[in-house]
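Q: Below, each chain spelled out in residue letters.
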Amino acid sequence: MSTGFAGNIAKAFIDSKLTLLLMIAFLAIGAYGVWLTPSEEEPQIDVPMADIYIGYPGASPQEIENKVSIPLEKVISNISGVEYIYSTSMPEMAVVSARFYVGEDIEQSLVRLYNEIMRFMDTKPELASMPLIKSRSINDVPIVTLTLYSENEATNDFMLRSVAQELSHELTSIPDVAEIKLHGGRSRVVEVILDKGKLASYNIDPLRIAQTVQAANTEFRSGSFSRNDTEYLIQTGSFLESADDVAALVLDVQNGAPVLLSDVATVRDGAGEASNYATYSFGPAAAQIHNVAPGTTHQAVTLSVAKRQGADAMTIATAIEQMTEQLKGTLLTSDIEIVTTRNYGETATEKVSTLLLHLLIAVLAVTFVVFLAMGWRGGLVVFISVPITFALTLFFYYMYDYTLNRITLFALVFVTGIVVDNSIIVAENMHRHFKMKKLPFRQAAIYAINEVGNPTILATFTVIAAVIPMAFVSGLMGPYMSPIAIGATVAMILSLIISLIITPWLGYRLLKEPEDAKKGEKPKKAYRLEDTAIYKMYSATMRPLLEKVWLRWTFLLGTFVVLLATMSLFYVRWVEVKMLPFDNKNEIQLIIDMPEGTTLERTNAVAQEVALSLLEIPEVYDYQVYAGTNAPINFNGLVRSYDMRQMPHVADIQVNLVDKSLRSDQSHDIAKRMRPLVQEVGLRYGANIKVVEVPPGPPVLSTLVAEVYGPTPEVQLSVAADIRRIFEETPGIVDVDWMVEANQTEFRFAVNRQKAAMSGVMPQQITETIGMILGEHPFSYLNDESQSDPIPMVMKLDDASRSGVDNLSALYVQSRSGAMIPAGDLIDVRETVLEKSIFRKNQRRVLYVTAEVAGEIESPVYAILDARDQIDALQASGGYEITQRFAGQPFTSEDVTVKWDGEWQITLEVFRDLGIAFAVVLIIIYILIVGWFQDFGVPFIMMIAIPLSLIGILIGHWVTGAFFTATSMIGLIALAGIMVRNSVLLIDFIQISLRDGKSLADAVIEAGAVRTMPILLTAGTVVIGAIVILFDPIFQGLAISLMGGALASTALTLITVPLIYFMVKNKK
Amino acid sequence: MKLLIILSIAEYADEVRKMMSENNVPIFSETEMHGFRTEKYHPDVRSWFSQGDYGVYSTLFFSFQSKEKVSHMLDEIRAYNERYKGDRDNPLHAYQVDVEAFV
Chain B
173 MSTGFAGNIA
183 KAFIDSKLTL
193 LLMIAFLAIG
203 AYGVWLTPSE
213 EEPQIDVPMA
223 DIYIGYPGAS
233 PQEIENKVSI
243 PLEKVISNIS
253 GVEYIYSTSM
263 PEMAVVSARF
273 YVGEDIEQSL
283 VRLYNEIMRF
293 MDTKPELASM
303 PLIKSRSIND
313 VPIVTLTLYS
323 ENEATNDFML
333 RSVAQELSHE
343 LTSIPDVAEI
353 KLHGGRSRVV
363 EVILDKGKLA
373 SYNIDPLRIA
383 QTVQAANTEF
393 RSGSFSRNDT
403 EYLIQTGSFL
413 ESADDVAALV
423 LDVQNGAPVL
433 LSDVATVRDG
443 AGEASNYATY
453 SFGPAAAQIH
463 NVAPGTTHQA
473 VTLSVAKRQG
483 ADAMTIATAI
493 EQMTEQLKGT
503 LLTSDIEIVT
513 TRNYGETATE
523 KVSTLLLHLL
533 IAVLAVTFVV
543 FLAMGWRGGL
553 VVFISVPITF
563 ALTLFFYYMY
573 DYTLNRITLF
583 ALVFVTGIVV
593 DNSIIVAENM
603 HRHFKMKKLP
613 FRQAAIYAIN
623 EVGNPTILAT
633 FTVIAAVIPM
643 AFVSGLMGPY
653 MSPIAIGATV
663 AMILSLIISL
673 IITPWLGYRL
683 LKEPEDAKKG
693 EKPKKAYRLE
703 DTAIYKMYSA
713 TMRPLLEKVW
723 LRWTFLLGTF
733 VVLLATMSLF
743 YVRWVEVKML
753 PFDNKNEIQL
763 IIDMPEGTTL
773 ERTNAVAQEV
783 ALSLLEIPEV
793 YDYQVYAGTN
803 APINFNGLVR
813 SYDMRQMPHV
823 ADIQVNLVDK
833 SLRSDQSHDI
843 AKRMRPLVQE
853 VGLRYGANIK
863 VVEVPPGPPV
873 LSTLVAEVYG
883 PTPEVQLSVA
893 ADIRRIFEET
903 PGIVDVDWMV
913 EANQTEFRFA
923 VNRQKAAMSG
933 VMPQQITETI
943 GMILGEHPFS
953 YLNDESQSDP
963 IPMVMKLDDA
973 SRSGVDNLSA
983 LYVQSRSGAM
993 IPAGDLIDVR
1003 ETVLEKSIFR
1013 KNQRRVLYVT
1023 AEVAGEIESP
1033 VYAILDARDQ
1043 IDALQASGGY
1053 EITQRFAGQP
1063 FTSEDVTVKW
1073 DGEWQITLEV
1083 FRDLGIAFAV
1093 VLIIIYILIV
1103 GWFQDFGVPF
1113 IMMIAIPLSL
1123 IGILIGHWVT
1133 GAFFTATSMI
1143 GLIALAGIMV
1153 RNSVLLIDFI
1163 QISLRDGKSL
1173 ADAVIEAGAV
1183 RTMPILLTAG
1193 TVVIGAIVIL
1203 FDPIFQGLAI
1213 SLMGGALAST
1223 ALTLITVPLI
1233 YFMVKNKK
Chain X
1112 MKLLIILSIA
1122 EYADEVRKMM
1132 SENNVPIFSE
1142 TEMHGFRTEK
1152 YHPDVRSWFS
1162 QGDYGVYSTL
1172 FFSFQSKEKV
1182 SHMLDEIRAY
1192 NERYKGDRDN
1202 PLHAYQVDVE
1212 AFV
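Heads up: the protein sequence lines correspond to chains B and X, in order. Read in order, the letters of the first sequence are residues 173 to 1240 in our numbering. Read in order, the letters of the second sequence are residues 1112 to 1214 in our numbering.
There may be inaccurate statements among the hints.
Stated by the list, open to error - Listed next, the in silico DSSO-like pairs over lysine-lysine satisfying Cα-Cα at most 30 Å (straight line):
no., chain 1, residue 1, chain 2, residue 2
1, B, K610, X, K1129
2, X, K1129, B, K684
3, B, K708, B, K239
4, X, K1196, B, K607
5, B, K684, X, K1113
6, B, K368, B, K927
7, X, K1196, B, K610
8, B, K609, B, K1170
9, B, K183, X, K1113
10, X, K1178, B, K189
11, B, K183, X, K1180
12, X, K1129, B, K189
13, B, K708, B, K246
14, B, K609, B, K708
15, B, K609, X, K1129
16, X, K1196, B, K609
17, B, K296, B, K239
Said to hold, decoys possible - Here are the computed distance ranges between Cβ atoms for each label pair:
no., chain 1, residue 1, chain 2, residue 2, range
18, X, E1193, B, D187, 38 to 48 Å
19, X, G1146, B, D187, 39 to 49 Å
20, X, S1182, B, W1104, 21 to 31 Å
21, B, K708, X, R1128, 51 to 61 Å
22, X, N1135, B, D187, 51 to 61 Å
Calculated directly from the structure, the hints in this document are not laboratory data. Heads up, the beta-carbon is just placed ideally off N, CA and C, and yes, glycines get one too.
Please put together the full structure from these sequences, using the hints given.
A: Now the structure itself:
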């Protein structure tokens, strides 16, 4: 028995009852895998990130930078695995962020980080606070947000917030719910509103009140005693439990009468002063459904719910829905409305089921192609084999801890056309042998499998070699690429195994030639290759080329010229390069920045005004305005640190669009329409408004980021201002902003030490008093056992006397002698400009100029190309030269450097890594072919097919007007494998014919004619399989690449490769 | 004394063995064969990949028996082929050969 490896496997399974059981088992574990694997929208990205906050009271940004930021940066840069260190030195506070390389282990990284920071502790300035380390991860992104509002004006935001608080306690009990945050609404505060006049007349100062309250508000276990063999515990003191307790405190006894706190101040328990505003409004679409006027606005509170890693978003979303439904009537009274303003569980499930549907359609379409070529039996064999392959791949995902997301499922859609190939080859060959009846039935089956076994294995490895290098794409794009490579590879290997185990079993039963066909008309015309249509066509094309030298040179040169011409489509920008196109999402965010120093109330008013312009867009379902706080972040916001937007001058608007099935425009087009509308309003009020879309791939600080490095801050600032101007003037660049704060007036209350000492007042008394009253620092907490959070007590003057420096400085402090001295007499008020924050990246001072691209230019690549020359023409003050860098940090800050970052950085990384991957692919393919043909020269002829696919790919992109994206590049790489496989088939056959003694020309033509059918069938399945993804906004590029590339290079391969082979061999 | 030779493709070897024991052939030998049909063989150009040979795996049985026993076996095999006619492509082949002398 001289059966090969493939034949032996087939022999074991072709007739075995086990095979059927295996099939059922494989399908079952596949279904089990799909059921168990959590579905998500975004792939899991492990990027350990942490922010370190250090406070340093009284320090200026410059001081913070030198004493805290720089030493801390040095410490962090010691940690292996840290890619970027960002720091912001603000007045009194430093935020240092460490970002590790993508894929670093989160726990290990954080341990290393804590460890290094501990080493920093002994060198940190005495006054600096303990570092607060907050790690960030993709799981911080809330998957569900619920917005509560009430149409009843009496139910105000304060009440909504307390309901929301209760609701959040209920929701936390749902398994796998991680963090719940509240946005908007005032919380409960005990306010002690001081009467300045009475304080003065009773000789009591605010500090005295604070001390009295703090002294009264203690309770602790003080010990125990034993009596009669029993131990009794003692609890001393009592907490203040209500506002009345606070009001009844005795501050002093004067003339025999007690002075109560209520004598000098009003104590109020209730909503504190608003630190942020949140509202819910109906957009045109929601208004129509609810029958209210568009733009109807209610005060609101939003709960955002995050999940634990690896949990299924849909399960949690359903549980939350159930919970709120049950709480209706009890906690959620009838006048409180609750709207789900975000449900990533639903979007993820929708995405996953759409992709699974696409997968099914692709399998059906491919089956149809096989049906056309091989009849229904062949189609059936393929139709059964492919789902088993996918079922096993899905189970692999489950075992490998992959989630079902758009990337992992996309990998399956992508390989559908290729995966069927193995089954087709095996089934086709069995079919052919059964028809020939040269061998006994079972032996024919095994022979057929054995015959194609080794070449099939080789072909599979060629295609795997083409995709696997994608697994090594580094950076943030890595988690988007490697599941495709790994998923596709696993599917290919499994399909190979299936085609050797299951397909023979199926073919053995389904492909049997019916008996009557044999008995029927016997004198069938003998098959002659020369009579077939394909041979005639192929011969008519090839013969002249083989015979006339000038003709074949013309043909080859012509092909080359066409290749160059299509490549120039890049240069003339008829085909534009972009990393990933925008996805069609149901949400858009507006980020509103007022100049620093704007009051919360004004910010809110402007945000509401901006929001009104949204009503002109009919696709807007509803929107929430968050002023002074951030909207629930999404993945984009996580990377851009939008959760730190807690200042009075900022506002976010979360816009929800009607579902994508109900609108014709993609979200990107709506964003483009929205931008001029909202920015027109923003311009009127001096607000910088950005329209932020959810990016399809990894988020970045901004699409276009110019980092300006320079020797001095002044030079940096002037260059940054110039770049900002260039951006603003370039059409297609929008949402221009920079990280330079506007001037904000700051009053410095300097304590006159001499005067204070002479009056018997400690300077600390003054700073504490002012901090307590102006800063509203809580001085104690009310202890209400029924509440989950302690209720802060704050002290304030009545509102009229709080604004204005003069009024404030009229506060009294008590001297040691007991005299009341106006604080204003002891301090010198100085008006200055608040010092600006200092930004550093990887230990260098940097200024960021950010922008988005939309409209005329859609890709940052061209924005950079457009702006580049103008920046080169810039003259930096002080005669510094401006250099531009496209990768890597500048080596020194001696000169002015502009480093391009943002999406460009990722684009560069991705195309660079894919380019390297492609080079590795070529080498691996070369090695595989040398191994197969034992010839060093032949592989080059075969690999000529690879660049030919570019012709089809580029023309395809040009005709459809699509971007050449990273997915297009994946298509190009995968095609390389398929095209080489086709060339292998062709040249292999030429060599066989030559061995049979045919002339070179005849062998070439015969090979082309014989192998055209299988090559076309492969191209057909690839093209048909790709049609499904043609309408997906993100993966469109891949579909175009696969279709255009497969068509063009198949057609050209069939002629070019044999022709060149002929020319090379003919000379010898 | 005659020599009985039966040639069967590998798939039906078991049935031949059964037939032998049912018909009380007391002793027989068998050997695996790999046979080729050259006159029917010409390479098929529609193949996707390289061709090899078209050998058929068969089993050759032989046994020295009395004349009656051998002719009975031939009848059995004739009947067997008749039974599967039209159903199977590969009938059994059986031969009766004279044994001229033996010691």
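Q: Straight-line Cα separation of K1129(X) and K189(B) no greater than 30 Å?
A: 24 Å, holds
Q: Between the alpha carbons of K1178(X) and K189(B), is the straight-line distance 30 Å or under?
A: 43 Å, violated
Q: Is the Cα-Cα distance between K1129(X) and K684(B) 30 Å or less?
A: Holds: K1129(X) and K684(B) sit about 27 Å apart, inside 30 Å.
Q: Taken at face value, is the distance from the CA of K246(B) to the CA of K708(B) at most 30 Å?
A: 75 Å, violated
Q: Taking 30 Å as the top limit, are the C-alpha atoms of K708(B) and K239(B) close enough?
A: The given pair, whose Cα atoms are some 84 Å apart, is violated under the 30 Å limit.
Q: Against the 30 Å threshold, does the CA-CA distance of K296(B) and K239(B) hold or violate the hint?
A: 7 Å, holds
Q: Do the beta carbons of S1182(X) and W1104(B) sit within 21 to 31 Å of each other?
A: Because 56 Å falls outside the window, the suggested range is violated.
Q: Do the alpha carbons of K684(B) and K1113(X) lie within 30 Å of each other, as the hint requires?
A: 40 Å, violated
Q: Does K609(B) pair with K708(B) here, judged by a C-alpha cut-off of 30 Å?
A: 27 Å, holds
Q: Mind checking the hinted window 38 to 48 Å against the Cβ distance between E1193(X) and D187(B)?
A: Once the Cβ atoms are compared, 26 Å apart, the range 38 to 48 Å for D187(B) and E1193(X) is violated.
Q: Starting from K609(B), check that the Cα of K1129(X) is at most 30 Å away, please.
A: Answer holds: K609(B) to K1129(X) is near 27 Å, not above 30 Å.
Q: Would the pair K1196(X) and K609(B) pass a check requiring their Cα atoms to be no farther apart than 30 Å?
A: Roughly 16 Å separates the two Cα atoms, so the pair holds.
Hints 3, 5, 9, 10, 11, 13, 18, 19, 20, 22, counting from the list given before, are not met by this structure.
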